[in-house]
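Undergrad: Residues per chain are reported as follows:
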Amino acid sequence: MLRVNINGASHSCAPGGTILSALRRAEVRVPTLCDDPRLAPIGGCRLCLVTVNGQPHPMAACTTPLADGMEIATHTEPLEQLRRTQLRLLARHYPREALDRPAANEFLHWVSEYGLTGELGTAGAAQRIDDSHPCIHVDMSRCIECYRCVRICEEVAGRFVWRAWDRGDRTEIKPHDGLPLVDSNCVSCGACVDTCPSGALVDQTARHDGLPMAEVRTVCPYCGTGCEMHAQVKNGRLAGVRPVLDSPVNHGHLCVKGRYGWEFVHSGDRATQPMIRRGEDWQPVSWQEAIDFVAGKLTQIVAQHGSQAVGVLGSSRGTNEENYVAQKFARVVLESNNVDCCARVCHAPTAAGMKIMLGTGAATNSFEDIEQARTFLLCGVNPRENHPIVGDRIVQAALRGAKLIVIDPRRIELAEHATIHLQLRPGTNIPLFNALAHTIVAEGLCDPAAIAHVEAWEKFRQFLDDFSPEEVAPLCGVEAEAIRQAARLYATHKPSMSFHGLGVTEHVQGTEGVMCLVNLAIITGNMGLAGSGVNPLRGQNNVQGAAHMGCDPGILTGSVPVAQRQIFETVWNSPVPTRPGLNLMQMMDAAQRGELKALWSIGYDVALTNPNAGQTVRNLKSLELLVVQDLFMNETARVAGTVFFPACSSFEKDGTFMNSERRIQRVRQAVPPLGQSRTDWEILCDVARAMGQGDKFAYRSAEEIWEEIRLVWPAGAGISYQRLEGPGLQWPCPSEDHPGTTILHREIFSGDNRIRLRPIDYRPTPEQTSEDFPLLLITGRALYQFNAATMSGRSRAGLFQLNDRLQISADDAARLSVNDGQQVRVSSRYGQVELSATISDAVLPGQLFTTFQSTAGWVNCVTGPHRDRFVQTPEYKVCAVRVEPLEVAQDTTAR
Amino acid sequence: MADVQSFYSLADADLSQAVCQGTACFAARHANLEDWRRAEGQLPRVYCLGKCYAAPATGADRSRPRMVVKSRTAVVLERIVAGGAHALDAYVRGGGLAGLQQSMASGPEATIGQIERSELRGRGGAGFPTGVKWRAAAASDAPTKYVVANLDEGDPGAYIDRFIAEDDPFALLEGMTIAAYAVGAARGYLYVRCEYPGAIGRLEQALAEARSGRLLGERVLDTDFSFDIELVVGGGSYECGEETSLLNSIEGRRPVARVRPPYVAERGLWGLPTIVNNAETLASVPWIMRHGADAYASLGIPGSRGTKVLSLNSLFRRPGLYEVEFGISLREIVEDLGGGLASGKLRGLMVGGPLAGLVPPYLLDTRLGFAEMRAIGASVGHGGVIAFDERTTIRELVEHVFSFGAYESCGQCTPCRLGTRRIKEIFAQAAAGGSSAAEQQEWEEVVTALKLASLCGLGTGLAEFAESILRHYSQELRACFA
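Taken in sequence, the protein lines are chains S and G.
Residue numbering for the first sequence follows numbering that gives the first Met the number 0, starting at 0 and increasing by one per position.
Residue numbering for the second sequence follows numbering that gives the first Met the number 0, starting at 0 and increasing by one per position.
The reader is advised that the hints may include incorrect statements.
[To be verified] Derived CB-CB ranges, DEER-like:
{"id": "1", "chain 1": "G", "residue 1": "G40", "chain 2": "S", "residue 2": "G400", "range": "46 to 52 Å"}
{"id": "2", "chain 1": "S", "residue 1": "T121", "chain 2": "G", "residue 2": "A431", "range": "33 to 39 Å"}
{"id": "3", "chain 1": "S", "residue 1": "D99", "chain 2": "G", "residue 2": "Y361", "range": "53 to 59 Å"}
[Unchecked claim] Computed list of chain S residues with no C-beta within reach of chain G, every gap over 12 Å:
{"id": "4", "residue": "G557"}
{"id": "5", "residue": "P726"}
{"id": "6", "residue": "R757"}
The hints are simulated quantities; they were obtained by calculation from the structure and are not laboratory data.
For glycine and all other residues, C-beta sits at the position ideal for the given N, C-alpha and C.
This is chain S alone, in the form it adopts within the complex (with noise of 0.2 Å):
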C-alpha cells in the first residue's frame, strides 16, 4: 500500500492509481469535466489539479500516477484561482438559456459552485442543434470540448461517430459526415448521452422532463448479457435508464435496447386487467373470477385426461424465482413434469451438450475473460447486434490485437474486425469444426497436456480423418486454406475463447454442433484458463434462469435429473412425478394429437416464434384452455386465448435474473405495477391456491421464493439477497463465504480427471435446396428489435427497424428482378409470407436473411418441422425458399 496525504490527512492506497482515484477514495471532491471512469484520462479540462510536494508547477490528478509519499492539497487558494480562470473561458462560450430548465449537468454545477453563473454567454448558433435523432437530442452550442462521447464513442462503443473536426477554439465535434446524427452510422448505444458533462447531448426522453426523482439499480429486460442499469423513476413512471458504471457484465455500458428500450413499459396497449373469452370477445373480469376459472379447468381437464394433458411455459422475461415457482406448480399442483421455457428454442442444445460433455451445461467462462483471450472463435453469433455490449468488449480487445475467427454465413459486423471470416453454407457447422479438428490434430498443434486426459484418443483422431479441410471445403463453401489458417490460429495463438450463438443450436445437428466446439477447445487446451472455454451467448435475460430453475420437463433446479428428485420431496412436502414430461415441442405435437387440453404460456408468444406457424396455430386453437400470461394482448393469446392473466414487466418487481455467464443479479422493483397487473409468482400462487395446494405456496416476497431455491440447489446456496446487493455471484456458489465462479472446470487437465470426446458424424437436414426452393433462408435476431418486438417495438429503440425485411443479395436480386424495398413473396414447403427486400452485401447469393418481429410478415409462417434430434429444438437457420416479385412495389418500412 501506498502512503499519500491528502489535505494534511494520511492515507493509505493502493499501488497503480492515479491522484484522482485515490482523491475520490478519501472523499475528496475537485472539479472534473473530461474525466469519465470509462476512458482513458486525456488530462484536457485542467479543472483537477493539484500540488504535490517536490513538483514546481500542479499536477492533473486524473493523469498522474499516486506515488508513495505524495503530499497532496487540492484547495490551494491558486489552485481555487486557476479553476475559477478555466470554468470562466469555458462558461463565456456556454449559453445561459440552459438554466431555464433543471438538467443534469456537470458543468453548470462546477459553474454554479464557482460562482461564476453571472458570466454564462448568450443564446448558441441554431445550426448547432440537431433534433433530428429519435433517442438524442443534440445542442452543440453547450459542447465545452471535453471530448467525453468521441472518447467513449471510440474506446468503449467502437463505432467513432463522433469525431473531432478542426483544431484549438475552432474544434468541433460532429459525426463524420457532419449532423444531422440521425444519418450517421449511430447506434444509439446512447454511451455519448450518458458520458456528456454539459447538456450537450441528452436523451430525448429527459428533455422535457426535468430531473428523475430517483433511481433504482436493476437489470436490463433484454438479452442474456445482463447488463444492470439505473431505471429513472419521476412521479410513479420510468423517465430513462443510464448503464450502471461499476458493473462487471457491461462497465458503465448499454446499448439501444437497454438504453432506449423501456417505453413499452407505460405504453398505451398494456393489457392490465384480467380477461376471459366469451366467444370471440375478451371480457374483462375480477382477478378472482379469472383464476377460479382458471383452477377450476385445471381441475376438471386434470381430472378428465389426465396430468400429462395440461402443460406450463416458463418464461425468460420472468426471475429464477417465479420460474422455480412455475415448474413447481406444474410439477406439485399439475403433478406433471409437462413444464418447458423458450430455452428449447435457442439454447437447448447447449445446456444439453456441455452437460453431456462436461458436467454443466452453462458457460464455461466470464466476460471477464473477454480482456484476456487472444484469439475469439466466434459461431453463429453476431454480438455487435445481439450481444452489443459483448460485442463491442470483443471489438475492443480487437483494437487491441486480439484476433477474431468469425464463422457465419453471413458477413456479420465482427467480420470486418476477423482476421478469417469463414463464410460457409448454412447446415454445414459439423463437417467445418471437424475439419477444425482435422488440421489442429494433423499439423500437430493439440495442446498434450491436454490430450493426455482424454480417453479413446486414438480412435478420435482416426474418425477426424475424413473430415480434411479440403474434402469439407466444397461442402461448405469455404476454402480449405481458410479453414487451417483458422485452426492454427484457434490452437496457437491462445488462449481462445469461443463464443456461440443460435447459428449453432437452431439446426437438427445443434446439440452435436456444441459438442464439436467442445471437442476443439479441449484438445487445444482452451478450457479452464482465462480467456478461453465453449461460451453460449444466450438470447434473452433470463432464458439461462428459466431454464436452469426447472422449467424443463427432464430436469429439477438446479439442472438436476427429475430421478434426483428426494431433495425436492423434502423441501415441498410433495411427490415430484416421475412420468417423462413433453417439452415444447412435443407438448405442441401432443396438441395436434389432441392429447394435450391446457397450456399456460407466462410471457412466451408461442405463435409468433415457433416455426411453422400455420400449424403452431392450429395446435394451439385446439387447446381447451389457453392462458396467457403476459404485459399485452400477443399473438398467441389472440389467435387462440382463453384466458388472459395481466403480469408486470420487470421492471415493477423484485427477483433475480441470470445471465449467460452464469450470474445472478438482483432485479429491482422501480415502478408500482400497472393497472391490475401483478407478478408472475403471485399469480401462479393464486391458482395453486385456489386449487388446494396454497400451503406450498405461501410465500409473502420473491426473497422468501429464493431462500427455499437456495435449499434445493447446492451451487447456489451461497447467494443471498444481501450478498446480491453487490454486483451479482456466479454460481457455482455453494456457501455464504464462496467467492462464485468465474471460471469452470479449472482442474479438466490435471489429476486422473478423463475426458471423454465425442466423434460427430454428419447427418445433413432433410432441408435441402430444390428447383422450387432453391433459395436458403436464416431466421435471427437484429440490433433494434427483440426477438418478437414485444417490448422494443413499443420504445423508440424499435422506431430504427418498424418491419422485418428481407436481406437478398444484389446477384439473386438482380436475376430475381427484385428492386431494393420492393414487396416480395417467399414461400417454402410450409407456407408463406410478403416481405420488404433489402438488398445486402452481408449474405451470399442463394442465400437470405430475416428477423422474424412482426405480425404483418409472420416469418415463421415459412420455417419448417426439423428439429434438434437431442432436445427438439427446430431448425430456424435453414429453410428452403423461393423469392417472387410482388407486382406493385411498396415499401411500408421507415426508418
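Following the hints, put chain G in place on chain S, whose structure we already have.
TA: Then chain G, alone, in the frame of chain S:
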C-alpha cells in the same frame, strides 16, 4: 480520415504563391506592407516558411541566407558552409559515415556512453539531455522500438533544420541510424513539415540513395543491423512539433498532445519505446561519434556544451545562419554577428521563437546557455533570433503571438484552447480603444492558467512569453489598458 485531416491547415494548400505571417515576417512587415496585408488576409494562414532572413517571405523566394561558422570548430555547418553534401559520395568524402562506423565498432552501450559524455542536449527547444533519452529507450526489452527525427521546425524564426535537410541530409540519416543502433530500433520516421518543400525533395533523394548505398535497409553497412526510415510529411500544424502530437500524427490520429507519463522513451509510437530527437541534435551525433565526446564537450560552457546554430532574422544588418559556441553573449550575437539592426532601435530580442520570453535590450549581456537564458525567463529554444525594432509595439506583438497561439493550439486543454484566444481578443480590443482594468486582471489570470495548467509546452511557452512582457514591458502594457 477527413476529420483528422481537418486538423491540418495546409493539407491542400499551394505554398508556392503563399506569403508568410510568421513572427519574423511580422517583425519585418514594414519592409513590404503590401505582402504583409496579403499574408494577414490569406487563408489558410502560413506561419513561417523558414525564410526569416528574407522577410516578409514568400513561397516563391529562392534566396539563400548567409552561413557563417563562428565556433572554433564547425559541427553542424561543416559541410553546409562548404556548399552542402547532396550526394552520398560527397557526404562520405566530407567525413560522413565515419561516426556510424565508429559507433558500430564500439557497440550500442559505448555509443550511448559517448552521447552522454558529450553532454549533448536537445536542440528542439526543451534542451533535454539526449543520452538520458537514449538510455531509457535502450533499457526497454520491447521487441520493437522507433527512432523519430523531428523536422517539424515550426518555431517562427528558426531555419537551421531546413538547411540541414536541404544541404546535409545524410548527416540526419546517419544520426538517426546511430541512434537506432544504440537503442535497438529497426525503424525510423523522419517527420518533416510541408512548409519545406525543398527539404522534402532532398530527403526523398537522400533516402533512396542511402538505401542503395547500404546506409539503410537490411544489413546496414554489411553488419547484422537493419534499419530503415520512412518519410512523413506534415500537413501544416505547429502543434505537431510537440513530440507526442507528432507521434499521434504519424499514427494517423488527431495530433493532440498526449499525457505524460508514460514518456515516449517507454511508450511512444504505437505504444512502443521511441526516441524523438530534433534534426540539429541528430545532425550533431555523427560528429560526436567521429571526433569523440570530449572534443564536443570542450566546446561551449558548463551545462551547455557544443555548438548551436542561430537563425538571425532580416531586421539585422547581416541576417543568416551562425554556428556559435554556447557562452557567447546576446550582445555579441546582435552586434558582432548580426551587425546590429538595419534601421531603428531594438525593442526586444526573441530567442527561440514565440514560446519563450522576450529579452529586453538591457539584458543583452546574458550569455547564450540553457541555464543562463532560463535565469532571465528566456530560452535557447530552437535558436531562432528575431529582433524587433521600435516600429513594433508591445500590444501588436502580444496580439500577434497570441493570434498565432490560438491558431495553432490543438484544442485539447482549456487554457490553451480558450485562453490564447481570450488574450488575443483583449489585445485586439486594446487597439480599438483600450481594454478595461478588469480585462487587465483577466489577462494576467489567463497567463497564470496558461503557465500552470497547460497540457503541453505550447501553452506554457506562450505563458513564458507573456510573463516576460509583464516583467520587462510594464510601461508599454499600461498603455493597453484604460
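Undergrad: Give a verdict on every hint.
TA: Evaluation of the provided hints:
Look at G40/G against G400/S: about 48 Å separates their beta carbons, and that is inside 46 to 52 Å. Between T121/S and A431/G the CB atoms are about 21 Å apart, so this pair departs from the stated range of 33 to 39 Å. One distance hint, 53 to 59 Å for the beta-carbon pair D99/S and Y361/G, holds here, with the actual separation near 56 Å. Every C-beta of chain G lies more than 12 Å from that of G557/S, the closest at about 46 Å, which supports listing it as non-interface.
Listed as a non-interface residue, P726/S keeps its Cβ farther than 12 Å from every Cβ of chain G; the least gap is roughly 30 Å. For R757/S, the requirement that its beta carbon stay farther than 12 Å from each beta carbon of chain G is met, with the minimum near 41 Å.
Hint check: a violation occurs at hint 2 only; the rest are consistent with the structure.
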